[in-house]
Amino acid sequence: MNRVQLRNNKGNLIGWIETVHGGRKQIRDSRGTLLGWYDADSDKTTCAKTGRWIGMGEQLTALL
Numbered sequence: 029m030n031r032v033q034l035r036n037n038k039g040n041l042i043g044w045i046e047t048v049h050g051g052r053k054q055i056r057d058s059r060g061t062l063l064g065w066y067d068a069d070s071d072k073t074t075c076a077k078t079g080r081w082i083g084m085g086e087q088l089t090a091l092l
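If you count the sequence shown from 1, you need to add 28 to reach our numbering.
Derived from the structure by calculation, the hints contain no laboratory data. From the three backbone atoms N, C-alpha and C, an ideal C-beta is built for every residue, glycine too. Not one of these hints is a red herring.
Derived DMTMM-like pairs (lysine to aspartate or glutamate); straight-line CA-CA distance at most 20 Å:
1. Lys53 with Glu86
2. Lys77 with Asp57
3. Lys72 with Glu86
4. Lys77 with Glu46
5. Lys53 with Asp67
6. Lys72 with Glu46
7. Lys53 with Asp69
8. Lys38 with Asp57
9. Lys77 with Asp67
10. Lys53 with Asp71
So the derived label-pair ranges between C-beta atoms look like this:
11. Lys77 with Gly51: 19 to 27 Å
12. Trp81 with Gly39: 29 to 37 Å
13. Asp67 with Gly39: 29 to 37 Å
14. Lys38 with Gly79: 27 to 35 Å
15. Thr78 with Ile42: 15 to 23 Å
16. Arg31 with Asp67: 17 to 25 Å
17. Asn40 with Trp81: 24 to 32 Å
18. Thr47 with Cys75: 16 to 24 Å
19. Glu86 with Leu41: 18 to 26 Å
20. Asp69 with Gly39: 32 to 40 Å
21. Gly39 with Ala90: 19 to 27 Å
The task is simple: from the sequences and hints, build the whole structure.
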């Protein structure tokens with residue numbers, strides 16, 4: 029599992045993006061709550077809270 033930390037301009041951790049099985053990427057906030065995921069096969073980003081697509085392509089940081 030590959031993890032990329034996301035930090036604000038003060039250096040505080042605001043979340044991370046991790047690559048899980050099959051190349052799927054997930055974004056989590058600083059508390060570890062799943063915010064959404066990106067599926068490379070369908071090229072769609074989905075919001076975990078609503079289950080709806082938020083757009084085509086990898087738009088995970090829009091969920092922070």
